[in-house]
Amino acid sequence: MPLQTPPLRGLHDERGAKFTEFGGWDMPVEFDSIREEHAAVRDDVGIFDVSHMGEIHVTGPDATRLMDRLTSNDVAALEVGDSQYATITDEEGIIIDDTVVYRLPDEDDEPTYLFVPNAGNDEAMHQRWVDHRNEWDLEATIDNQTDEYAMFALQGPEAADLAGDVVDDPIGDLGRFEARYVTIEGIECWAARTGYTGEDGFEFLVPWMDAETVWSAFDCQPCGLGARDTLRLEAGYVLAGEDFDHESDPRTPYEAGIGFTVKLDTEFVGRDALERVKEEGVEEKLVGFRLIDRGVPRHGYDITNTEGRVVGTVTSGTMSPTLGAPIGLGYVPLEYAEPGTTLRVIVRGQPKKARVETIPFIETV
Amino acid sequence: MSFDIPADRRYLESHEWTHALESTGDGVVRIGITDFAQDELGDVVFVELPEEGETITAGEQFGVIESIKAVSDLYAPVDGEVVAVNETLFDSPELVNDDPFGEGWMLEVETDTDLESDDLELLSAEEYEEQIA
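In order, the protein sequence lines correspond to chains A and B. Numbering of the first sequence is given in UniProt numbering, commencing with residue 1 and proceeding in unit increments. Numbering of the second sequence is given in UniProt numbering, commencing with residue 1 and proceeding in unit increments.
Bear in mind the hints are in silico, worked out from the structure with no lab data behind them. One thing to keep in mind: the hints can contain errors.
To be verified - List time: in silico BS3-like cross-link candidates among lysine-lysine, alpha-carbon distance up to 30 Å:
id: 1; chain 1: A; residue 1: 18; chain 2: B; residue 2: 69
id: 2; chain 1: A; residue 1: 263; chain 2: B; residue 2: 69
id: 3; chain 1: A; residue 1: 278; chain 2: A; residue 2: 263
id: 4; chain 1: A; residue 1: 353; chain 2: B; residue 2: 69
For reference, chain B alone in the conformation it holds in the complex (with noise of 0.2 Å):
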């Protein structure tokens, strides 16, 4: 089996990725879980996100994610403060299984953190592809 692992992102060990949001100006990141993730998940059927305005701590736990048969912690990949959440995904939370690098995205962060830089914990595609494979 395969899995989606785009390049223009970064991934924690822990199976969120992160990526810069070019249209919504600097310094704006999204965070979702990875497409290996959510086949590991199966059937997501419950998100718990922080709100609007709440800061999320690099490596620390920012939310909670349920399928039908697991319970998992999320991980945020940055330090930051929330500018948006996906709130869709309370009513269809399916969408983390269909869609998880795009749709099924979880929150937007406003953060200092430069994605490009090397001194950060986060991995490369390649680096996710060899921990996953």
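Chain A with its partners taken away, still in its complex shape (with noise of 0.2 Å):
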């Protein structure tokens, strides 16, 4: 299946950008160095193409009602220009994708969100939410508009100062999780003080033709997937796929450390089971550590006990360009889940020390 290609492709191969492969999607990795790209979003400001990145609509008297239904969070207690992290989950409260709900301005006086799935998953959770609207006859209109919206991300300390001086109306009032439209050039652009950096900033939907023109408008360095990760893993947020994933490894919101998510007074595809586990408590839980050894962690390694023996699997890691060390996360017994726990990561058969530590390992907003 060829790759699809986010609409600024053409200007970001000019700039001298890396491309990867991304959940289908031809996505720049790095346009100048991650270390540069991941210390400009430390220190100062710097933008990425998150394009990869679904959206679905949805629109209609019973939008509430299948939103609520169909993600953990308490979409209900939305306000318009709300916005609410949350996971999707099967009957048996495993994650099938984590998202972030916007409620938008009603449309045609009805309540309307947008949500944003994962890159490649866009099609699946569009295809989820009609037939469960078909299921239980709810009337809603869904529509995937992934190839509708290009998707930027500004972030940084000085992203709100930047942000001031380029977009046409009042910014940096907006406060965490707060969204609204907003005009940049002329185009107008819904605007989220989100992101996936523990950086302040933004995040903006933006009309696919219009892209190049938002994203012109901000003069700061360009930053790609590479350092997305470096920075998403120092601030200890997890990544659909790599952190759990519905069929290689199926986690809990509770075990992947995001149970804050999970509203049990509300009514949702896995309530009932996600309660049970919260009574009964998990076996297994997400931890972030450290090597002391040289090396880097890396996804899939195993990670065992002082003995030996393996007692868990690393799931993210890297070297941390803030801290200068290697980091990771990985599922470990409880047994084993407290920090200063020491532990080894099997790098190329070689046991490195590792020590559990507290997530974030940064400070974050």
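Got two chains here, each in a separate frame; can you build the complex from them with the hints?
Here you go:
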């Protein structure tokens, strides 16, 4: 299957970006160097093209009920201009995907939402919404708008200053997870104070055709998916397909450390199973760790206890540019999950000493 | 984009370089990776190298290099015994990015191989340039 291309593929190529396949998309992984891009976001400001993220639009008299019953968070609590992080779970409470749900201004006086599934999941999530709407006989229109929007993330301590200069409307007053329509160079964009780096910043949903105008309006370091990964990992944010996977590494939100997205006082697919998990407690959980020995932990490496028995698996790992140390995430039984616990990560057959640390690894917003 | 390919060295298709060290007398060569290779890898964060006294074999793996985004094996251009290891790289692996043909060198190896010989599997600078074009 040919890769999908973001609207600015050509522009990024001219800028000297390297590309990688991610979720079926051909995305810029690196513009200059991951280290430089990472530092720009931690110390200043950088912009990411994340147009591979999906956009599903849901509107109608039953839109709130449908959203509430298919995501784990409390959608009914969202007012226009609010957003929330949520998981999409199956009947067993296993995460299918994680997402951000935005409440857009009402359309035709009906509640309206836009949610952002991970790259490559948009068609499956669109189908899931349609199937459940039909099964539950709800009145809602569901539209996969992934090909209608580019998505840019402006991130870093100086993001608000730069956005204040570039955006035609006030934007600095948006609180965390608040969103509204703004105009940038005359283009109407949905702007949210969200991100995936641990820094302050905004994410913009931009009409596909106007992507270049909006992207070019921000004069700052362009950043690729490489820096996005090191930044999110330092911030302790999980990545779908790496830190959980519906098929290859099925996990509940409680195991994945995102139990805060589960509102058991709402009705949703997976709720009853998750209530049981919460009562009984999890057997394993996702922990952060740092390698004390030299080496770089990578997805799939074994984690052993100090006696050499395999007790878990690394789900994400990197050399942290901020800390200058190898860090990672992985699932281990609760008895090994306490910060300070000594473990081993097996790198090419060699056990490397590792220590469990609290996540996030850095201070985040 | 153009890359440095010094003419005074021989190359492997797998992007290692080697050249004879005049300063250390006959038979000692230096080994590293090319400018092209470091650019492909991106930010180098880790190298795993043999220790002094170990032997390496032409065409076989002698170490591992890791960037933030990739793990890559290192292959030996010649047979020989390791006589020096650039231990600076353990704390400053970014030298491989900054100066791949200079301070980013990896090993010095005592070898019987004559790098001038035409019988070797090694590429000339011209041949290597064609390969990466």
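Hint check results:
Only pairs whose Cα atoms come within 30 Å are accepted, and residue 18 of chain A paired with residue 69 of chain B is accepted, the gap being roughly 12 Å. Between the alpha carbons of residue 263 of chain A and residue 69 of chain B the distance comes to roughly 36 Å, so the proposed pair goes past 30 Å and is violated. Our distance criterion of 30 Å between C-alpha atoms is met by residue 278 of chain A and residue 263 of chain A, whose separation comes to about 11 Å. Proximity of residue 353 of chain A to residue 69 of chain B is assessed by CA-CA distance (about 22 Å); at most 30 Å being required, the pair is judged to hold.
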